[in-house]
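**Q** For chain A, the structure is supplied; the task is to place chain B on it using the hints.
This is what each chain is made of:
There are 2 protein chains.
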Amino acid sequence: MTVKDQAEAWFKELQDKITSELEAIDGKGRFIEDSWTRNEGGGGRSRALTEGRLIEKGGVNFSAVHGKTPEKILKALNLSQADFYATGISLVLHPQNPWAPIIHMNLRYFEMSNGVHWFGGGIDLTPHYIKRDDAVFFHQQLKNVCDNHNPIWYKEFKKWADDYFYIDHRNETRGIGGIFFDRLSGSHEKSIDQIFDFVKETGNTFLPTYIPLLTKNSAITFGNKEKEWQYLRRGRYVEFNLVYDKGTKFGLDTNGRTESILMSLPPLASWKYNFQPEKGSEESKTTDWLKKNIDWLA
Amino acid sequence: MTVKDQAEAWFKELQDKITSELEAIDGKGRFIEDSWTRNEGGGGRSRALTEGRLIEKGGVNFSAVHGKTPEKILKALNLSQADFYATGISLVLHPQNPWAPIIHMNLRYFEMSNGVHWFGGGIDLTPHYIKRDDAVFFHQQLKNVCDNHNPIWYKEFKKWADDYFYIDHRNETRGIGGIFFDRLSGSHEKSIDQIFDFVKETGNTFLPTYIPLLTKNSAITFGNKEKEWQYLRRGRYVEFNLVYDKGTKFGLDTNGRTESILMSLPPLASWKYNFQPEKGSEESKTTDWLKKNIDWLA
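Protein chains in written order, with our numbering: chain A, 953 to 1250; chain B, 953 to 1250.
Everything labelled a hint here was simulated from the structure, so no lab data went into it.
It cannot be assumed that every hint is accurate.
Any copy will do: because identical chains look the same in the list, a pair fits if it lies in one copy or spans two.
[As the list claims (entries may be wrong)] Each computed EDC-like pair below joins lysine to aspartate or glutamate, with the alpha-carbon atoms no more than 16 Å apart: (1) Lys1243 <-> Asp1115; (2) Lys1224 <-> Glu1003; (3) Lys1243 <-> Asp1114; (4) Lys1152 <-> Asp1099; (5) Lys1224 <-> Glu985; (6) Lys1224 <-> Glu1211.
The following block holds chain A by itself, in its conformation from the complex (with noise of 0.2 Å):
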């Protein structure tokens, strides 16, 4: 099997592990599958699970499209025409919970008729009441698969996603980060199956690295002052996902799947002008860890 069809297949398996899996820990939510075609070549299963338990709104979307490469990539990696194929599996999930946090894995494999090909993606975390704790975990979890693989990747693709998911406007991070990896080709020490492998490693870390985030915060109390807090620090995601995530800007601009595209915002979320959390509370020690290069495994 090529390398394609090997992706497509695994993202496709992951997908049905993950869903099935978060069915069954979320106990009252299922996902609803639509599948789509695309006109120019392709298409996904997309499947959303409203009001669940703990999840109060998820996406766990799956594609594969091919057909003439847009003229945005094309320029930026200065060809004048070739086919590409893509294929990738891409989840956000949103707690109901204010204390559990706002996960996010993308994996996605890419090539094109000229031979050029590459695998991408990353996991990173939101959450809306920072704890060291688990950000610790978290970190040590992604590091642990990077360091299977390279040694030097965990430090790389941490840096690139404090870099990818900052908010500029607000001089904030999106949240505490994670790994964010792409264009990771068969070059250099690594041919495309052993990048392949790595991505298979990210993928399955997902779900040990997410239930008991989930289900641990989730046990928490929480009344209207944190639920508040939590519509407002979705306000943020927002604002990320529609000004500067790229996946999202390249959606829209080459006629993607709106709804699937869309299906990262959150069920619920709020702008207050000017809001400044109280100082010394929760909220406000969530926004000091805001911040890009804090090490969390000092």
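**A** Then chain B, alone, in the frame of chain A:
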């Protein structure tokens, strides 16, 4: 007095008039003022109202800034260097009652040290529920203003609003449009003073146009269903403002005052995966109206 000084004084006065009148009508909400200065020159008065009786969240901002012209504008005008001065008023009101429409107005004057100067702006309405009578009244008010100055302006500026307030990835307009105009300079058959007269008349028509729509519709009973629909429509408002609005983009890109720029965002907004209103419902009728080139005055 120069046009610049007159415009600045007039926009300030208009802000006073609008905020005091809105407070009187609302009866509960009060505008809180933040005065701010810009490091590079100038400043503004942002006025925000939260949790009023009729208005859930509103901002009425005045600013007058100057300094070196931002790169983006210089490039668009093919200039290598010039100082600029810009003053304006910008407002967005999100009513409590879903039957009452969101309104937006912006009026601005811009000039550069090379002598170029112009007025721009407009008023547009975003009802959560579109009602023909209200739409006719709203557009007739704007047409009356335009007709007093140029018989072709209403048609021209109405089309401009339809094209501008368009959410491409949703294939729908933000609301029922209104008028939008930009770079109206003292050329052709009008002097800059005559254009300023038109801008003033546009500003003066705001209260007599919006107040009846606000008060009349705020008297209509609503429940959870209407409130949820309002949150969804506000979600689209957020999508437009963060993805397409040039003023927002420009403000964020040029390091403007984030809280003033984003005062346009709603107090609470929601996103549901692939939500489709029931056939024949009021909600569905509204989405049917979200199209360009509807001639409300036919």
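**Q** None of the hints should be skipped; say for each whether it holds.
**A** A quick look at each hint next to the structure:
1. Taking the closest pair of Cα atoms, lysine 1243 and aspartate 1115 come within 16 Å of each other only inside a single copy of the chain (10 Å); across copies the shortest separation is 39 Å, beyond that limit.
2. Taking CA atoms no more than 16 Å apart as the test, lysine 1224 paired with glutamate 1003 passes between copies only; the shortest distance there is 10 Å, against 25 Å inside one copy.
3. In this assembly of identical chains, lysine 1243 and aspartate 1114 lie within 16 Å of each other by CA distance solely inside one copy; the values are 8 Å within and 40 Å between copies.
4. Proximity of lysine 1152 and aspartate 1099 under a CA criterion of 16 Å is satisfied intra-copy only: 14 Å inside one chain copy versus 65 Å between copies.
5. Taking the shortest alpha-carbon separations for lysine 1224 and glutamate 985, only the inter-copy value of 14 Å comes in at or below 16 Å, while the best intra-copy value is 35 Å.
6. In this assembly of identical chains, the alpha carbons of lysine 1224 and glutamate 1211 lie at most 16 Å apart only when taken from different copies (9 Å versus 26 Å within one copy).
Every hint from the earlier list agrees with this structure, and none is contradicted.
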